[in-house]
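2 protein chains.
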Amino acid sequence: MSEQLFSYKQLFDFTKSVFQTIGCSDEHADTATKALLSADLRGIDSHGVARLSGYVRLWEAKRINATPDIKIIHETPSTAVVDGDSGLGLVIAPFAMEIAIEKAKQVGTGWVSVQNSNHFGIAAHHAMMPLQYDMMGIAMTNASPLVAPTFSIDKMLGTNPICVAAPAGSEPAFVADLATTTAANGKLEILQRKNADTPTGWVQDADGNSSTDANILKKGGALLPLGGDREHGSHKGYALGAIVDIFSALLSGANYAPWVPPFPAYVPMPAQQPGKGIGHFLGAMRIDAFRPATEFKKDMDHWIQGFRSCRTIPGEEKVLVPGDPERGFEIERMNKGIPLLDVVIEDLNKLAERVSISLLIN
Amino acid sequence: MSEQLFSYKQLFDFTKSVFQTIGCSDEHADTATKALLSADLRGIDSHGVARLSGYVRLWEAKRINATPDIKIIHETPSTAVVDGDSGLGLVIAPFAMEIAIEKAKQVGTGWVSVQNSNHFGIAAHHAMMPLQYDMMGIAMTNASPLVAPTFSIDKMLGTNPICVAAPAGSEPAFVADLATTTAANGKLEILQRKNADTPTGWVQDADGNSSTDANILKKGGALLPLGGDREHGSHKGYALGAIVDIFSALLSGANYAPWVPPFPAYVPMPAQQPGKGIGHFLGAMRIDAFRPATEFKKDMDHWIQGFRSCRTIPGEEKVLVPGDPERGFEIERMNKGIPLLDVVIEDLNKLAERVSISLLIN
Chain A
17 MSEQLFSYKQ
27 LFDFTKSVFQ
37 TIGCSDEHAD
47 TATKALLSAD
57 LRGIDSHGVA
67 RLSGYVRLWE
77 AKRINATPDI
87 KIIHETPSTA
97 VVDGDSGLGL
107 VIAPFAMEIA
117 IEKAKQVGTG
127 WVSVQNSNHF
137 GIAAHHAMMP
147 LQYDMMGIAM
157 TNASPLVAPT
167 FSIDKMLGTN
177 PICVAAPAGS
187 EPAFVADLAT
197 TTAANGKLEI
207 LQRKNADTPT
217 GWVQDADGNS
227 STDANILKKG
237 GALLPLGGDR
247 EHGSHKGYAL
257 GAIVDIFSAL
267 LSGANYAPWV
277 PPFPAYVPMP
287 AQQPGKGIGH
297 FLGAMRIDAF
307 RPATEFKKDM
317 DHWIQGFRSC
327 RTIPGEEKVL
337 VPGDPERGFE
347 IERMNKGIPL
357 LDVVIEDLNK
367 LAERVSISLL
377 IN
Chain B
17 MSEQLFSYKQ
27 LFDFTKSVFQ
37 TIGCSDEHAD
47 TATKALLSAD
57 LRGIDSHGVA
67 RLSGYVRLWE
77 AKRINATPDI
87 KIIHETPSTA
97 VVDGDSGLGL
107 VIAPFAMEIA
117 IEKAKQVGTG
127 WVSVQNSNHF
137 GIAAHHAMMP
147 LQYDMMGIAM
157 TNASPLVAPT
167 FSIDKMLGTN
177 PICVAAPAGS
187 EPAFVADLAT
197 TTAANGKLEI
207 LQRKNADTPT
217 GWVQDADGNS
227 STDANILKKG
237 GALLPLGGDR
247 EHGSHKGYAL
257 GAIVDIFSAL
267 LSGANYAPWV
277 PPFPAYVPMP
287 AQQPGKGIGH
297 FLGAMRIDAF
307 RPATEFKKDM
317 DHWIQGFRSC
327 RTIPGEEKVL
337 VPGDPERGFE
347 IERMNKGIPL
357 LDVVIEDLNK
367 LAERVSISLL
377 IN
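Chains as they are written, first to last, in our numbering: chain A, 17 to 378; chain B, 17 to 378.
Keep in mind the hints are simulated off the structure, nothing from the lab.
If you're wondering where the values come from, they're calculated on a predicted model, not measured in any experiment.
One should not assume that every hint holds.
No distinction is drawn between identical chains; accordingly, a pair holds when it is met within one copy or between any pair of copies.
[Stated by the list, open to error] Using 27 Å as the maximum straight-line C-alpha spacing, the simulated DSS-like pairs for lysine-lysine come out as follows:
#1 Lys352 - Lys334
#2 Lys121 - Lys87
#3 Lys210 - Lys314
#4 Lys313 - Lys87
#5 Lys50 - Lys352
#6 Lys334 - Lys234
#7 Lys334 - Lys235
#8 Lys25 - Lys292
#9 Lys334 - Lys87
#10 Lys366 - Lys87
#11 Lys87 - Lys314
#12 Lys78 - Lys313
#13 Lys78 - Lys121
#14 Lys235 - Lys313
#15 Lys50 - Lys314
#16 Lys292 - Lys50
#17 Lys121 - Lys210
#18 Lys50 - Lys334
#19 Lys50 - Lys203
#20 Lys25 - Lys235
#21 Lys235 - Lys121
#22 Lys50 - Lys121
#23 Lys203 - Lys352
#24 Lys203 - Lys366
Bound-form chain A, shown alone:
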């Protein structure tokens, strides 16, 4: 499957135009575009511009409000709940993280749970916002139910990612961004294009049997929690996904568990709606609320250098620090451009015609 390279600026202008055309303000379109394209830059192709038409379809289905009144509905000195008014998660999550950062400035830490939102792109984009203030950042979100808990046939949780970002000194920041499943949906899509099977432990079929069919989700199957099966700790992956759901939705009043609204606009909404929209959780912790940031960052450098100098198993890659692969992509793609598959380009051009803006390429 062939692909073409686009500069960040090309994709930025195109994406921002789309968001403006559906009614987003200049500021919101800017914020959303930065959040969405951070995925393309960091090599998480499944969560970037390839999803732009999906967001627009949610807007067309009146499930995304392009002019939301995002507001705090409850707060204490260190916490807040934000109502996203059905806006783009790509805009709501940065709004919530700004509140967390302000609270951290005041009382050491800030924690914001969000209801009534939509998908927020990659967690790392939001979790990295506090780094510039010598703060750690935390971001989580719940998502469409695709994951079966250990022993279950039913899909009860999303891929519910957790991201933690911590600043370092001379070394780049530590950024761990992980779906709480063995493999995220994007990995399955790559195998589908190659017509290849998955390893065992990634998915199960509609009856709960182990499967290696990369198309199994379309046949009623499910993703498996990190660990894969009980013997390999899938109850831990399940527990982590559950924790994300509780922080993101039970604390905020969003929908949870199998009642989270699906991302594809053609999938009907769950009949039951125990909360509002989907939920996120954003946190910021001022390092010097614990110890001087210079000392922390010096220790982080030492920590990172310790891991980089591990003896590597013969034949394997060198030991990486969380965030290394994504940072590598970011540098390369900012310089050389972002590759898009032909199917994605075609989809974006169709979208451009639908919303009456210039095509990405002719």
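Assemble chain B onto chain A, guided by the hints.
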């Protein structure tokens, strides 16, 4: 291997006597005993009274201070760092969690990172403390380096557990307590006694090759992060263990990564000591800092009931909610007694002779 049953009271009195004999105050001995035996009650036999003589050996080696001056060395309205003065983690962690709870009462959440501590028993005991106040509890700790990051031969992290506890209404609380490895050391010990192999994905040998030898840690091998190998997401388990290390030790100024002091007193201390003792992280979040606790707990009941009514894969156990197995053990063992293996009883009787208290049984 045969075992005998002991009442909670028998083990409580015995354990408390041991802690008092090494010099702990009545209050500290009480706190430490409750923390230690919560593991036996909850079925985590590897972390309970079976480790009592290990704690005493650390005291004999002057690595545990029985009369610590535990104090806050830095704080903001929502955070604190506690210096444990080389005391028992079993005493220091509850002290730190009380501070977190007080801060949560004041500003919504409280977060305490701890330096200069020792092993704190099971994370769940501490994470469950805030539940009675309608708060969520979080507990983490770093630990002796037994785990090799993805692609590494070197052991760089401990089993670094994470526990999150959340109150429910008519349902019992959600309590997820998980080591960030595929299997914790205690699981290996069970297989060693049975002379059985481990499944693949639990351990590797001294050269980094996949292994199924339950005794491999004694031969220079390592535990593997949750996921087992790269293809099954071990980089995620590694990232989670790293996050725990950062929260517990980098934020507090404790030792981190391979420089965490080992639990067995006969293992020499690492030559390098970048921090003080081992580190923990304790958090408390007031539910009503986000939304009314009655609403949250009603939704938690609905969440829990949703998971309990999942269709179960034929031939498997029913779908459990995190905390179910441990609560089952707790009810059974409080009523019927706590089983101890003969080797453990023998070890405890030797300990009793050494510290001149009455034997556990004659």
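Verification of the supplied hints:
Taking CA atoms no more than 27 Å apart as the test, Lys352 paired with Lys334 passes inside one copy only; the shortest distance there is 24 Å, against 52 Å between copies. Within a single copy, Lys121 and Lys87 get their C-alpha atoms as close as 20 Å, and across copies as close as 24 Å, so both meet the 27 Å cut-off. For a Cα distance limit of 27 Å, the shortest separation of Lys210 from Lys314 qualifies neither inside one copy, at 44 Å, nor across copies, at 46 Å. When the C-alpha separation of Lys313 and Lys87 is checked against a cutoff of 27 Å, the pair qualifies only between copies, where the shortest distance is 24 Å, while the shortest distance within a copy is 34 Å.
In this homomeric assembly, Lys50 and Lys352 come within 27 Å of each other (Cα to Cα) only inside a single copy, at 18 Å, whereas the closest approach across copies is 60 Å. In this assembly of identical chains, Lys334 and Lys234 lie within 27 Å of each other by CA distance solely across copies; the values are 25 Å between and 36 Å within a copy. Taking the shortest Cα distances, Lys334 and Lys235 sit within 27 Å of each other only across copies (24 Å), while inside one copy they are farther apart (38 Å). Proximity of Lys25 to Lys292 under the C-alpha cut-off of 27 Å is found in neither arrangement, the shortest distances being 35 Å within a copy and 48 Å between copies.
In the homo-oligomer, the alpha carbons of Lys334 and Lys87 never lie at most 27 Å apart, since the shortest distance is 45 Å inside one protomer and 41 Å across protomers. With identical chains, the CA atoms of Lys366 and Lys87 are never at most 27 Å apart, being 34 Å at best within one copy and 64 Å at best between copies. Taking the shortest Cα distances, Lys87 and Lys314 sit within 27 Å of each other only across copies (24 Å), while inside one copy they are farther apart (38 Å). Proximity of Lys78 and Lys313 under a CA criterion of 27 Å is satisfied in neither setting, with 46 Å inside one chain copy and 31 Å between copies.
For the identical chains of this complex, Lys78 and Lys121 are neighbours neither inside a copy (37 Å) nor across copies (41 Å), given an alpha-carbon limit of 27 Å. Taking the closest pair of Cα atoms, Lys235 and Lys313 never come within 27 Å of each other, the shortest separation being 48 Å inside a single copy and 35 Å across copies. For a Cα distance limit of 27 Å, the shortest separation of Lys50 from Lys314 qualifies neither inside one copy, at 30 Å, nor across copies, at 38 Å. With identical chains, the CA atoms of Lys292 and Lys50 are at most 27 Å apart within one copy only, with a shortest distance of 25 Å there and 41 Å across copies.
Taking the shortest alpha-carbon separations for Lys121 and Lys210, neither the intra-copy value of 49 Å nor the inter-copy value of 55 Å comes in at or below 27 Å. In the homo-oligomer, the alpha carbons of Lys50 and Lys334 never lie at most 27 Å apart, since the shortest distance is 31 Å inside one protomer and 44 Å across protomers. Within a single copy, Lys50 and Lys203 get their C-alpha atoms as close as 23 Å, which meets the 27 Å cut-off; across copies the closest is 46 Å, which misses it. Proximity of Lys25 to Lys235 under the C-alpha cut-off of 27 Å is found in neither arrangement, the shortest distances being 39 Å within a copy and 55 Å between copies.
Neither within a single protomer nor between protomers do Lys235 and Lys121 lie at most 27 Å apart by alpha-carbon distance, with minima of 49 Å and 49 Å respectively. For the homomeric pair Lys50 and Lys121, the shortest alpha-carbon distance inside one copy (24 Å) is at most 27 Å, but the shortest distance between copies (37 Å) is not. For a Cα distance limit of 27 Å, the shortest separation of Lys203 from Lys352 inside one copy, 24 Å, qualifies, whereas the shortest one across copies, 49 Å, does not. Taking identical chains as interchangeable, the C-alpha atoms of Lys203 and Lys366 lie at most 27 Å apart only when both belong to the same chain, with a minimum of 25 Å there against 55 Å between chains.
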